[in-house]
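Q: Each chain, letter by letter, is given below.
Number of protein chains: 2
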Amino acid sequence: MAVNLSAPAPGSLHPVAGLELGTARAHIRKPGRRDVLVARFAPGATAAGVFTRNRFCAAPVRACREHLASSAGAVRALVVNTGNANAGTGEQGLADARRTCEALAARLGCRADQVLPFSTGVILEHLPMDRLLAGLPDAVADLAPAHWAEAAEAIMTTDTVPKAASRRATIAGREVTVTGIAKGAGMIRPNMATMLSFVATDAAVPQALLQRWVREAADASFNRVTVDGDTSTNDSFVLVATGAGALRVDDDASPGAAELRATITDVARTLAQAIVRDGEGATKFISVVVERAASADEAAAVAYAIAHSPLVKTAFFASDPNLGRILCAIGYAGIDDLDVDRLELYLDDVRVASAGGRDPAYREEDGQRVMKQPEITVRTVLNRGTASTTVWTCDFSHDYVSINADYRS
Amino acid sequence: MAVNLSAPAPGSLHPVAGLELGTARAHIRKPGRRDVLVARFAPGATAAGVFTRNRFCAAPVRACREHLASSAGAVRALVVNTGNANAGTGEQGLADARRTCEALAARLGCRADQVLPFSTGVILEHLPMDRLLAGLPDAVADLAPAHWAEAAEAIMTTDTVPKAASRRATIAGREVTVTGIAKGAGMIRPNMATMLSFVATDAAVPQALLQRWVREAADASFNRVTVDGDTSTNDSFVLVATGAGALRVDDDASPGAAELRATITDVARTLAQAIVRDGEGATKFISVVVERAASADEAAAVAYAIAHSPLVKTAFFASDPNLGRILCAIGYAGIDDLDVDRLELYLDDVRVASAGGRDPAYREEDGQRVMKQPEITVRTVLNRGTASTTVWTCDFSHDYVSINADYRS
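Order-wise, the sequence lines are chains Y and H.
In this text, residue positions in the first sequence follow the numbering used here: the first is 1, and each later residue adds one.
In this text, residue positions in the second sequence follow the numbering used here: the first is 1, and each later residue adds one.
Bound conformation, chain Y alone (with noise of 0.2 Å):
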């Protein structure tokens, strides 16, 4: 069901040096399939992450933030299971996490706090610490770089296609590398990072510099996002630096940073827009942008408003363009002051309401050719100030109840 988006096609991921991926089937939660990825990292590699603000956050992600502020982001590995997040675990939980770490380290040579660890799956379960464990050694095994096509799938959960975004540039006379994967399709509504994405460069970044970029990155991609407005426990979003390659970054001013800062968040954003093309029943991919607000959080009120009603899904999953159901959704987004009268909403390139009511020249046979698209722009001018932004979002179908109401069964 996924909306224009395809497996990435053979040879299309390019290595990053510096940088291996293996990947186990550890039974974790159904047998047969890839569901352990390790991933490591030559000596010297810089690491930064951004993780989900629920305070119900997992145990792997309070492991993460401790070991990235212990080890300084000098990290040598991350180890990622699907199948369970080992969230609301409570302290067993943070164990296990920890345990994970010092298990792989020990095999790799590394310390524990240069390993940072990942889950995702069903909540309020322990995990299989048996089988994970077991599984480590496969995963080792298998540490190659070209490995990244396999690693995106070893990550995924109720997503239907893998999901990975690849670049190669000269910048600054130099080869770069920027390759990435993420997962997610439900309980999606990042605040922070999507549910699971590490995008690495060859590139030598200093760590403080990563840091200010991973959340920059995000908040242009993962926090732009939403498919059901549900924000995990589990987001997480790594970026890493090997420096293995030829271009070496040591601030902003750096010949190159620019670029492989806009290289880096045009990873993030692909793989952030194809997190919503698989979005859970997905068959539409919908940009809601927001022009001319009062302000950023403004704009971001009603773009939310707009993405997260159901009764606004509904209507793009039967290409009905009831766009009452917009207007409502603006009118109930916060904005205490708003002047109805002076908004404008459009679909696509078609003007739908202007001064408070359906637009003149609006006819529904426009506004209908408009919505059995498979991909839609909404955009809402409410002339009040200069700030504007974009938010992408899916459909609501019958299948996203199917998917969520079969999910553990």
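Among the hints, erroneous ones may be present.
Chain copies aren't distinguished; within one or between two, either way the pair holds.
As the list claims (entries may be wrong) - Straight-line distance between alpha carbons at most 20 Å, and here's what the computed SDA-like set of lysine to any residue pairs gives:
1) K372 / S402
2) K372 / S319
3) K372 / R351
4) K372 / Y362
5) K372 / L5
6) K30 / P128
7) K372 / I403
8) K372 / D348
9) K30 / L133
10) K30 / E125
11) K372 / D349
12) K372 / N4
13) K372 / Y346
14) K30 / M129
Calculated from the structure, these hints are not laboratory results.
Given chain Y, put chain H in place with the hints provided.
A: This is chain H only, laid out in the frame that chain Y set:
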């Protein structure tokens, strides 16, 4: 599909002295069904209302506010149409609402600002004024005190069951009647009041007191329910005191005032719960209780995070005790300093989570047993303070998508 809700039994709706109701079939949207309601009040009646906070509020809501102000609540009639919400209709919509009031006022011999207009149905289309005005004579000819059941039917849209409640009590030695009707099944997250509800008593109550009471009753009833989180453009809750009965109340200290106010709130709460029981596609009626919060706002934020989560609502539909989804919703409710180790989560009397994870005594079969019931209480004890709240909601089923993907077709 309504959950433990049936149409009012014949004879169960007590007439309110000083109030008559008449309906008509005006073909506003669909032929053959009652779609216009007129209510006439005796001279001396007072009315008060609360209305949607949606900034895209409908034209009749604007007219109601104006008329209540200019007539000081000395209202003589109300007129309701279904099939068209007269919302997102700009200046012409307001003119249409006023013209409807003028036409009815001329027929009843009162001023136009003594008539309150209401509309419900599709947004962004103009009222078919010719058919609406042509229906008024039939509705006026039908006026009678006993027509409450027909009135409840005439205001339905996607409702599957007409909603009404009635109480007769002896208060301060006088017999008093309170009877009300309501409609609404989708676009329900009232922020002042529900889609439409009218409650009347034959007691005499000054308008200023009535205005305070209507707000309090709304806060304890319609402002505590949600179906899909969509605050409608047309929410209106109007309370009428005809003064034609035996009880007269002058202020909160008058004999019987507290009891009358409680009876009015009881009727409003019954009607609000009826809206949730008949929520679009509902198969479960869920009471979301939050206790020991630091503030009322915090309690409401947690309750609505749970009640609005599509993942929680689909789990209820599936009777699946996938309780991590509830913890996840609590975690993103916006309490920055929430200590998840201190909270407790209960399904009815089954303690599900404590100490930041699954309760040691919790057994899946106990959760399963509760989830299979048609009525469920989800109780979160935050252990942060003394505030508490209850919000009523329903589950999220395939039929919600079907109803809203097909609503206009």
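Q: Honestly, which of those hints from before does the structure not fit?
A: Violated hints: none; all satisfied.
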